[in-house]
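So the protein sequences, as listed, match chains A and B. So the first sequence is numbered by this note's numbering: it starts at 138 and just counts up by one. So the second sequence is numbered by this note's numbering: it starts at 7 and just counts up by one.
Fair warning: there could be bad hints in the mix.
[To be verified] When the alpha-carbon atoms are kept at most 20 Å apart in a straight line, the in silico DMTMM-like pairs for lysine to aspartate or glutamate are as follows:
1) B:K254 x B:E243
2) B:K49 x A:D571
3) B:K116 x B:E155
4) B:K45 x A:E197
5) A:K341 x B:E181
6) B:K40 x A:D571
7) B:K35 x A:D571
8) A:K335 x B:E181
[Stated by the list, open to error] Pulled a few chain B residues facing chain A out of the computed Cβ check, cut under 10 Å:
9) Q42
10) L154
11) L157
12) F185
13) G225
14) Y227
Everything labelled a hint here was simulated from the structure, so no lab data went into it. All C-beta atoms, glycine included, are put in the ideal place defined by N, C-alpha and C.
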Amino acid sequence: MNGSLGRGKRVSFASIFSTLLIVFTFFVAIYMIGIIVFYFILFIISAFQLRKEYKLDQYEPYEELAQSSLTRPVSILVPAYNEEAGIVPSVRSLLSINYPEFEVIVINDGSKDNTLKETITHFEMVKVEKAIRKQVSSNEIVQVYQSTIYENLFMIDKLNGGKADALNAGLNVAQYPYFCSLDGDSIIERDAFIKVMKPIIDSKEDIVAVGGSVRIANGCIIERGEVMNVQLARSPLVIMQVIEYFRAFLMGRIGLSRHNLLLIISGAFGVFHRESVVKVNGYRTNTVGEDMDLVVRLHKLIKEEKSGKRIVYVPDPVCWTEAPESPKILRRQRSRWHRGLFESLWHNKKMLFNPKYGLVGMISMPYFFIVEFLGPVIELLGYIIMILSPFIGGVYTSFALLLFMLAIIYGSLLSMSAVLLEEWSLRRYPKVKDLVRLYVYSLSEAFWFRPLTVLWRVEGIVQLIKGNNSWGEMSRKGVSK
Amino acid sequence: MNGIFIIFQVSLLLFIVLNVLFIFLVIRKVYANKFQIQKQHWKQEYLKHIDLVIRGKEELLFPDKLSMIEAFEEVLARYYSLMKGNTDIASRIEELAEQVLHNDYKKKLKHGRWSIRMNTLHRIEKFRMVSLIEDCVAIYDKERTSELESLQILRILANLQDERIYTILVNEEREFPSFYYLDLFVRLNERLFNQFTDAVKDFPLTIQFSLIEAMGERGDYSYIPKIEFYLRSKNAEFRIRALKSLNKVGYLTDAEKIRPSLNAESWQERMMAAKLIKPLRDKRFIDDLLILLSDDNWWVRTTAAESIIAQQNGVEILEDVVHTHVDRFARDIANEWLLRKGKKSVFR
Numbered sequence: 138m139n140g141s142l143g144r145g146k147r148v149s150f151a152s153i154f155s156t157l158l159i160v161f162t163f164f165v166a167i168y169m170i171g172i173i174v175f176y177f178i179l180f181i182i183s184a185f186q187l188r189k190e191y192k193l194d195q196y197e198p199y200e201e202l203a204q205s206s207l208t209r210p211v212s213i214l215v216p217a218y219n220e221e222a223g224i225v226p227s228v229r230s231l232l233s234i235n236y237p238e239f240e241v242i243v244i245n246d247g248s249k250d251n252t253l254k255e256t257i258t259h260f261e262m263v264k265v266e267k268a269i270r271k272q273v274s275s276n277e278i279v280q281v282y283q284s285t286i287y288e289n290l291f292m293i294d295k296l297n298g299g300k301a302d303a304l305n306a307g308l309n310v311a312q313y314p315y316f317c318s319l320d321g322d323s324i325i326e327r328d329a330f331i332k333v334m335k336p337i338i339d340s341k342e343d344i345v346a347v348g349g350s351v352r353i354a355n356g357c358i359i360e361r362g363e364v365m366n367v368q369l370a371r372s373p374l375v376i377m378q379v380i381e382y383f384r385a386f387l388m389g390r391i392g393l394s395r396h397n398l399l400l401i402i403s404g405a406f407g408v409f410h411r412e413s414v415v416k417v418n419g420y421r422t423n424t425v426g427e428d429m430d431l432v433v434r435l436h437k438l439i440k441e442e443k444s445g446k447r448i449v450y451v452p453d454p455v456c457w458t459e460a461p462e463s464p465k466i467l468r469r470q471r472s473r474w475h476r477g478l479f480e481s482l483w484h485n486k487k488m489l490f491n492p493k494y495g496l497v498g499m500i501s502m503p504y505f506f507i508v509e510f511l512g513p514v515i516e517l518l519g520y521i522i523m524i525l526s527p528f529i530g531g532v533y534t535s536f537a538l539l540l541f542m543l544a545i546i547y548g549s550l551l552s553m554s555a556v557l558l559e560e561w562s563l564r565r566y567p568k569v570k571d572l573v574r575l576y577v578y579s580l581s582e583a584f585w586f587r588p589l590t591v592l593w594r595v596e597g598i599v600q601l602i603k604g605n606n607s608w609g610e611m612s613r614k615g616v617s618k
Numbered sequence: 007m008n009g010i011f012i013i014f015q016v017s018l019l020l021f022i023v024l025n026v027l028f029i030f031l032v033i034r035k036v037y038a039n040k041f042q043i044q045k046q047h048w049k050q051e052y053l054k055h056i057d058l059v060i061r062g063k064e065e066l067l068f069p070d071k072l073s074m075i076e077a078f079e080e081v082l083a084r085y086y087s088l089m090k091g092n093t094d095i096a097s098r099i100e101e102l103a104e105q106v107l108h109n110d111y112k113k114k115l116k117h118g119r120w121s122i123r124m125n126t127l128h129r130i131e132k133f134r135m136v137s138l139i140e141d142c143v144a145i146y147d148k149e150r151t152s153e154l155e156s157l158q159i160l161r162i163l164a165n166l167q168d169e170r171i172y173t174i175l176v177n178e179e180r181e182f183p184s185f186y187y188l189d190l191f192v193r194l195n196e197r198l199f200n201q202f203t204d205a206v207k208d209f210p211l212t213i214q215f216s217l218i219e220a221m222g223e224r225g226d227y228s229y230i231p232k233i234e235f236y237l238r239s240k241n242a243e244f245r246i247r248a249l250k251s252l253n254k255v256g257y258l259t260d261a262e263k264i265r266p267s268l269n270a271e272s273w274q275e276r277m278m279a280a281k282l283i284k285p286l287r288d289k290r291f292i293d294d295l296l297i298l299l300s301d302d303n304w305w306v307r308t309t310a311a312e313s314i315i316a317q318q319n320g321v322e323i324l325e326d327v328v329h330t331h332v333d334r335f336a337r338d339i340a341n342e343w344l345l346r347k348g349k350k351s352v353f354r
């Protein structure tokens with residue numbers, strides 16, 4: 138009697154466990170199939186868009202525009218914190234951009250090094266009095282400087298308040314109707330501004346923000362602040378990030394932008410309509426994801442004002458940035474991005490699944506919440522099942538196999554498609570060898586890089602739960618998105 | 007079990023398809039790179055001889071391969087950009103383009119891919135290829151022709167002073183971004199432009215606004231009465247455009263006409279009116295400008311201060327404001343402009 142009862146209990150435990158395993162497996166599998174289908178839809182939209190512009194002349198359409206007095210002037214904001222090494226060359230490369238009217242505003246965010254002094258001496262800057270319109274709040278501005286060599290170069294010296302706060306101070310000083318935020322360590326192609334402003338001109342000015350694409354500069358040959366020769370870096374970690382950027386920019390953003398669903402404009406390169414940004418009170422300072430947060434709030438503004446304005450992404454204007462080469466910094470970057478993502482969603486949670494906010498509320502926000510934010514947790518669950526199931530044996534081995542195949546499609550095949558899409562349309566890497574390397578590495582993604590990033594992002598969630606809001610050590614060099 | 011098998015098949019199929027595509031793209035890349043090397047070679051070749059060919063001292067090596075045509079085209083385009091302003095050389099380049107590229111472009115205008123048609127239209131504009139105008143006009147309102155292509159065709163017509171631009175625009179139902187209208191009108195010669203201004207009422211509002219601005223852009227005093235007419239319009243946008251336009255010219259027949267705009271409801275209008283006083287240097291408006299120094303809008307304040315300082319005793323007036331004005335905003339803006347006045351806009 139006793140024995141059979143005990144057996145019954147064991148059986149029920151085992152059956153609960155196996156039921157759970159089955160439920161989880163199917164849950165993860167359906168989730169992944171859903172995402173794969175979603176990505177392939179985006180892939181197809183992007184492919185059509187990119188192909189339409191295949192081999193479009195990159196010079197002729199902009200030649201006259203670059204000299205036209207009818208284009209809108211742009212203020213370029215460059216927040217700088219402890220960047221004494223890089224600030225002078227990056228400002229110099231900015232001053233040589235091909236655009237009719239612009240101003241460069243460097244914002245020294247209370248640097249502890251010689252950023253201020255370097256800039257002042259190099260560009261022969263002097264103090265100027267400026268009545269500043271305080272349209273968005275920011276930490277105290279100590280002094281405004283202007284260069285005596287370049288009349289359109291200014292610098293704001295302010296008390297430290299973080300990148301978002303620095304950008305807000307810059308917004309107050311900026312004079313022009315559009316502004317561009319730019320990381321101090323990135324390199325912009327000379328024609329990038331003309332290209333990024335063109336949609337604004339073409340659209341009867343109903344665009345509040347334009348994002349350009351960001352590419353990884355590691356491995357490229359750079360001279361005097363200009364990318365001379367595009368080459369692929371040697372480090373596998375960097376190559377994987379290049380592929381990731383293809384995936385994110387070519388597949389994700391073009392597809393989303395097409396239907397005004399874009400929620401991210403990279404902090405490294407984006408142009409915004411100043412008045413609209415002022416209307417939403419500028420950048421939010423208590424988040425690590427200020428760029429996404431701003432875009433989400435701009436969408437909110439658009440929907441609330443019913444202005445029908447748009448936020449777009451242009452694949453071509455390119456900004457080059459340095460990607461982290463060490464796993465340590467990459468890990469820190471990823472967990473920080475993930476926290477930033479959560480904060481942007483959290484601060485704007487009332488938009489989530491809210492039909493009032495149209496497709497952004499019903500598709501973009503849920504996408505970022507379910508796919509981008511919760512994705513890593515579910516993927517991690519998948520990996521755990523994958524590892525555990527074979528030990529249980531029997532039918533569970535095939536579960537493991539199922540998830541494994543899905544992970545390969547999701548991790549590797551999608552990345553391979555992104556590499557091929559790039560080669561089919563933009564072809565930024567001239568060497569055949571680089572294409573082969575990109576392809577082979579993308580094949581390997583599911584086996585090491587993907588699981589690693591999943592772990593790092595889950596780590597970001599853990600930090601959130603523990604209430605860790607730090608940036609990690611302040612190392613802006615190379616960790617910009 | 008079945009599901010797993012299906013997914014296995016799907017991923018295998020995808021994998022095979024991707025690899026086939028990959029091999030195809032690698033082969034294409036190898037060929038494309040070879041093509042680039044050839045093209046580069048021909049570019050060098052043409053660069054060496056283009057000058058002599060244009061001056062008629064040497065016979066052109068007629069391009070008959072694709073790599074040659076593309077190389078020739080690029081060299082010619084760059085050379086043309088450099089030679090802007092030299093009409094003799096420009097017309098010789100145009101002749102060469104007609105001679106060599108005509109057939110190629112004619113075909114490309116009908117190409118299925120948007121980017122190829124667009125590139126061709128840009129080149130036709132650049133080389134002012136009169137012989138292809140008919141082909142361009144023919145595709146103007148085809149179903150697949152995009153807005154940008156249509157605009158490019160209009161631009162070609164404008165550059166060549168072709169009268170069809172008028173009939174096309176009068177009958178056009180689409181509305182283009184205002185930047186493009188202005189851009190088109192600035193290109194027209196006087197005769198064609200007057201055809202538009204004489205019939206300004208026949209056009210939709212956006213075009214009317216652009217025409218007003220274009221009259222100012224041309225900097226010709228004879229348009230001033232026409233522009234001034236709009237200062238009395240009931241529509242604020244007309245008044246703003248007229249003020250903007252007059253600002254380009256920097257002059258108007260009777261300054262009193264702008265007085266109502268200084269107290270207008272929209273800040274853009276107040277700013278534009280305040281701005282216009284700067285070139286006029288008209289003492290009668292100083293009191294109005296002083297009032298605008300305390301305007302709610304920063305742009306109006308700064309423009310008013312700029313216009314004051316440009317007056318004969320402007321510096322003294324602003325100094326007075328700094329010391330005695332009750333409004334802090336007015337004092338601030340006056341101070342900023344006094345400091346700016348020091349040395350251009352930079353001072354030590």
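Hints and how they fare:
1. B:K254 x B:E243: 17 Å, holds
2. B:K49 x A:D571: At roughly 26 Å apart (the allowed maximum being 20 Å), D571 of chain A and K49 of chain B break the hint.
3. B:K116 x B:E155: 12 Å, holds
4. B:K45 x A:E197: 19 Å, holds
5. A:K341 x B:E181: 9 Å, holds
6. B:K40 x A:D571: 16 Å, holds
7. B:K35 x A:D571: 11 Å, holds
8. A:K335 x B:E181: 17 Å, holds
9. Q42: Check passed: Cβ of Q42 of chain B comes within 8 Å of chain A, closer than 10 Å.
10. L154: Result: holds, 7 Å to nearest chain A Cβ.
11. L157: This interface hint holds because 9 Å falls under the 10 Å limit.
12. F185: 5 Å, holds
13. G225: Violated. Min distance 12 Å.
14. Y227: 20 Å, violated
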